[in-house]
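Dock chain one against chain two, each of which comes alone in its own frame, and use the hints as you go.
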Amino acid sequence: MTASTWTTTLGRWTQVAVRRGFLWPTIAVVAVLLLSPLLSTSTELKWTLWLAFGILAMSLTLVWGISGIFSFGQNAFFGVGGYAFAVAAFNIYPATGETLSALLIAACVAALFTALLGYVTFYGRVGDVYLAIVTLAVTLILYTVMSSTAGPEYRIGKAYLGGFNGMPSVPGIAFGTGELGYGGLFAFAVCLAGALYIFARFLLTGRYGEILAGIRENETRMELLGYNVRFHKLGIFVIGGAIAGIGGGLFTAWGTFINPSVFSLQQAALVVIWVMVGGRGSLMGAFVGVAVVQWISDQADKIVAQQTPLILGILLLAMVLAFPGGIVPAISRWFNRARKDGKRKRDAVNAAPTQVPSPETKPENENGGVPLPGGRISTHHVGKRFGGSVALDDVTLEFGQHSIHAVVGPNGAGKSTLFGLISGRHKVTQGRVELNGLDVTRMPTHQRARHGLGVKLQVPSIFLGLSVQQNIALALNAPRKRKQTRPPATTVLAMIGLLEKTHETASNLSHGEQQWLEIGMLIAQNPSVMLFDEPAAGMTQEERKRTVELVQKLSINHTVIVVEHDMAFVRALGAPVVMLYRGNVFRHGNFDELSNDDAVRNIYLGRKRDA
Amino acid sequence: MDEIVVIGLSVLTSIAILLLTSLGLAVVFGLMRIVNMAHGEFLMIGAFTTTVAVRSLELPIWLAILCAPVVCGLVGALVELAFIRPLYGRRLIDTLLATFGLSLILYQVAINIFGTAPPGIGTPSGWIEIGHYTVSYYSLFLPVAALVITALLYVLFKFTRYGLLSRAAAHNPDMASVLGVEVRRVNLVTFALGCALAGLGGGLLSPMVAVSPGVGQTYIGQAFMTVITGGPAFLLGTLSASALLGGISNIVSQLFTTLWGLTALLVTAIVLVRLLPNGISGSWSRQL
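Those protein sequences? They're chains H and Z, same order as listed.
For what it's worth, my numbering labels the leading residue of the first sequence as 1, then goes sequentially.
For what it's worth, my numbering labels the leading residue of the second sequence as 1001, then goes sequentially.
Heads up, a few of these hints could be off.
[Unchecked claim] To give an idea of the chain H side of the interface with chain Z (calculated C-beta under 8 angstroms), a few residues:
#1 Leu-35
#2 Phe-70
#3 Tyr-130
#4 Thr-144
#5 Gly-178
#6 Ala-269
#7 Gln-299
#8 Ile-303
#9 Leu-317
#10 Val-320
#11 Pro-444
[What the hints assert, rightly or not] Derived, one-sided and incomplete: chain H residues facing chain Z with beta-carbon distance under 8 angstroms:
#12 Ile-296
#13 Ala-305
#14 Gln-307
#15 Leu-316
None of these hints come from the bench; they were simulated from the model.
All of these numbers come straight from a predicted model, not from anything done at the bench.
The C-beta atom is built at its ideal place from N, Cα and C for all residues, glycine as well.
Next up, chain Z with everything else stripped away, as it sits in the complex (with noise of 0.2 angstroms):
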């Protein structure tokens, strides 16, 4: 029985953890079609950011945590000024490689920087027992937090006038910016949102991972079949893609090892893919 609930609260951990470092990436293709490679540097600056605010700053662990999106936010939008804008209207190729050529930029500056394993921070103390098994406070607060998130950024498309914007200018930029819609500025505001979203998904992360320049390569793999098996309803589609490939992989893990892990969550989304051409949501009526 207890062993069961472990396994349960694991699983939830994984998906968790899949949602975290999908999301930002999930936004900004679905919103502005653009495939952003730098997304796993994006999540290593959010770490980054986090574990110096504890480190040297001596913030305490939750601020510290939110200041990752701001950082990635600001730089987000550095980048879309300078790299990603110039690039409107070019095939969806170009700003793919853009950002691939930025992403290995960011990665050797934070070599440079940091080195190639720097001192990282410890997991926020506190647990629970279940049984013979203790799980860390932090471990479940995960969940809360991307289920959290989800939802406020649900609200934040659903009802906002930045949301309406910004999924009218997704749908027909033209139609958008004759009504009057600055699709600039608003596809400047949803990069750096998607930004920020990789930067509170790093900076949720770096308590419970080895903090180097790698670490978003990590993830950057599972996060782009994550969103592609999620499908056009960016944000409901990433939340159910991540809860199945999510959900598999840690089962197989737990029953094989981290390997055989990985290599269902590939199989199961390249199935999938076949399976579902427009992903989990491709047939839904909603947007989101």
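Just chain H, same shape as in the assembly (with noise of 0.2 angstroms):
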């Protein structure tokens, strides 16, 4: 290989570096490596510990505040790793003469824990609020169980687990070579923490970056374009937990020492508050939490001895009722806005008109990819009962290729239950689903997206903040079973025209262009089935005929299905009717026929029930 290429794929790398934001860590580890031996040795003791709880605070950050899984177990992770790292060392050292493997051994044992926790919660369906409140009492029962374990019956191999007073004299981290001294321990807590700090960001800056956020902002619309958002949040919450196992053993190793006391309330606590001053999105933000945090409670120790939880305590009530975004964001917050104001003054002066877009520039002779095979879902005999009430009886439906069908009916005909029984929501209490041939009764809802049945709910399901472009990117990553070719973004944008807001934050958009999002995330998933949910709901009248058009538009190569309740707006489609009432079929035909039927009128008008 020559120089250039070298240089090249060097370069490459560091723009891929720079891109990811793999740069800036690499360099502060080498500056702090490169600085550490001005440090003095409590200094370095002191920054090995923050370390050890920025990793930990790192992992809330990951799964809290990018995922948004709320876990008050973080510290328990840590506990496991702590312990399990001073279990293993013990076993280990003595044999072999390092404890990288015990640092493994305590990432694995975490990770394992997570995974059993998350399995039971996510798998579960256990909603937020329980999963914080599992996690908590699982750490305060780890608590009073490690706390339990004083007797000599408690060991595991050469370990002694020690009850209350924990596990001392833990060898340290070792290569092989005897236990590392400070200045040692300190620049392998760096190195560890740049490296757990990258992994993050790759995590963070790829297509699986863009899938938390997704399942951050809407779950229910992850499962619709097919992501499996149980097992994605049960992976970055395995992710989570062993990366706080191994913050846990770095601890272990930082102070030769491991107690109950790391499964305590006000660790639990600490967590929390270093993570929301740092501010819960920021991955370095988590550093910076630990190490003001800190600093403040080491100073105010000084003045008043032993009130941490006290300290704690008002920190975390002030940082909810004053700072919820977190104290880092919002002094920088200020400090942009502060900037901004004095670049707006001074572009003020000499500002231009700004050329406002036109709306027509659109093409709009697209339409939205390939035709794609199949495109058909039938039921049989499907019905649906809540408790006692029937909600839907007995419903025998065969949705043909390429075409619009409209499903109307009165409030309570069980509209809305068909929809949720053909997308997934609703499991039937009897009867069959098929989508393409394929029997989905049982499927759940994400698998019958991955087999080409794309939805839109009623209210806007999207990404609220996200970019009207990461939206579309969700939509057109999805996951897929067949060879579904999906059209280019662009295109997908200009259909919807919202090419011009292409960067904009959805939850900026009017309720009009919401919808129009969401109509643009179904084109980019490129289903062989679409499923609408009163399309025209809370549009106006401009809106509404567009929505015709779109719909009648993607009918040429989708086949389109609408519940509506708008008759209008189904009078516009043209599309052949199913009439819902009382959960059964009342009448099929195109709209003429059925509106000048005279039981359809009854029903509708409410004048005879039985005519």
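Following this line, the structure appears as structure tokens:
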């Protein structure tokens, strides 16, 4: 290999590193290592502890701030890792003279523990609050359990668990040439924290980060797009657990000691406070938060000794009441605003009139990708009971290929239930649902999506905190079963008229635009069957007209089913209509046939019960 | 035979303790969707109120126990006004974190006042003999007290005006306020009631356990598990969950050690949550 290829490879790597944010942490690690000879031993010791805590805080940032899963158990995983390291080190160190394997074991044990807990909670579909409580209860019970392991019978190999007093004289970090000194340990901690930080950045700047953001913003939409939400939540939870476990191992190695106080409420509070102070969404904030809070608590301890819980409590309360978004982000926002204000004043002087983008610049002659085979969905004698009431009695329907179908009916006719049964939100009590000839009756929502079912909900279900482009990207990258071509993002954006708002955050869009964005995600997903729940709800006359046009266009290549209340919209669609009434199919036909049918008119106008 | 009776009584006492320590949490969570992390500290305040009333004021124990819910109810009302009210409409995690902060503050304040291991009060005397065993009257009294309290709460929520209003406010706060329910005031009462119940639990436990500032933390983990396992019917669900979890953990404790009893409680609760994500009462049609 020549020198020039080396330089280009190196150049490409540097580019990737800069783009994904690996460069600054690497520089920081090297800088700290170079400066470390200048540090006093006590500073090195203190900073090593902070790094162990920072790793712990970062694990909570990943799980909570990035993925939206509030876990109180992060310090439990830290403690489990700490104990696992101690037990492993006692057993391994005398034989091999190194404890890196013990650190690896700490990560694995913590990951395993997290996986068990996460499996139960995520796959049990336990609510978010319950997860917080379950993880906290586990932490507290671990505290009690570990405190009562004082007897000599609580021994794992050569390691005694030691009950309330914990495990003293644990071997520190060693590479086979004796335990590291303070300086060595510090250098190791810096490299470890840097490596874990870069690993986390690596996760977040790639596709996985996109998925996590999607889950944080809107789990339902992620499932409708075909993502296995529970699996991904479990995944990040376990990764967070493993990182916390490594932090715990480092903590044990730092003090050559571990006791049950790692499972205390105080410790659980600390982790949350660090992350809140540093800002929930920022990985670096985790380390900053640790440094700030630990510094404050050290200073406070000099003034009033041994009042840590009081100080932590006041800090937590103040954070929640005054700075729910975090102190560091609040300061940086304030700083940015001050800077922007200055800039705006300067800009105002030589401002030019901005050009207003014309609304009719979008190419409308494209359609949503290549025609797909299939596109058939059918129900066979499906019924659904909620408790004693029958929502859907016995419905057999067949929606053929590449056409529009409208499903209408008065309130309580079973429209929403039918919709829920097809999309997978409800489980049928009887009958069978088939998608492209495949029995999907027992299939979870995300699997149906992968087999070619796209769903537009009534209330726009989009990723409010993400940009228009990110919304579309999540749909474009959604997993799928068959080779399904997907249209390029710009085509989709043009079709829904949001080309000019590509980088706008979705929450800033108007209600109508949000509806369009959701339809855009459907187009991007390019499923063979598209299910629309009241697409015209809350739209203006003009928007409604454009929606009709778009739905008609989509029906060229897709099977489109529209569940609708609005008769004018159904008439405009000009599609065959299925009318549901009291949980059964009441009439089948085109709009004019139905509107001239006396029985139908009676039901809608409520004149006579039986016509 | 005697042994079975004694074990049975001990199981009943465990269930009662679990129920007494969980009810307040269940009421606040069930009706307000607030996870009161300071619940354990209200237990602690109740226990200390009783201890102080007996030791310093020399009140009879029964009266001293009744002081506990009064004091805790008042403190609870203040807490609601100062810290919970500003957080209505915010995410659930916020009230959880705020009460968590409060819990730490109350814990440290208790240490500053009472120290880490303050003197306690004795169990009211009197016991019955069953064969070779003796069982104190007090541990027989606890299950009765727990049942009576649950029954009174049931009556309160089922048949009184407050009960109706509080359930309306829990079910649909916007609708309730449109219909003229003062949701704020109802919530204030509910929160204070939950704290008072915690205090009563603490008061009732104080003659049996070593009362220290950390006493609440001993029980709160189990209380959380009980409330989650109980599910949406916050009275009867919590009662069922206490019976199940308290029963299992007590029997396992007697067979092995307390450690295994606790572990059994945790494992049972977690398995139940996996099988019945909405708790024991998740599929019931009743609300209480």
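Evaluated hints:
| no. | hint | in the structure |
| --- | --- | --- |
| 1 | Leu-35 | violated, 36 angstroms |
| 2 | Phe-70 | holds, 5 angstroms |
| 3 | Tyr-130 | holds, 6 angstroms |
| 4 | Thr-144 | holds, 6 angstroms |
| 5 | Gly-178 | violated, 37 angstroms |
| 6 | Ala-269 | holds, 6 angstroms |
| 7 | Gln-299 | violated, 17 angstroms |
| 8 | Ile-303 | violated, 15 angstroms |
| 9 | Leu-317 | holds, 4 angstroms |
| 10 | Val-320 | holds, 5 angstroms |
| 11 | Pro-444 | violated, 15 angstroms |
| 12 | Ile-296 | violated, 15 angstroms |
| 13 | Ala-305 | violated, 12 angstroms |
| 14 | Gln-307 | holds, 6 angstroms |
| 15 | Leu-316 | holds, 3 angstroms |
When the structure is compared with the earlier hints, violations turn up for hints 1, 5, 7, 8, 11, 12 and 13 and for no others.
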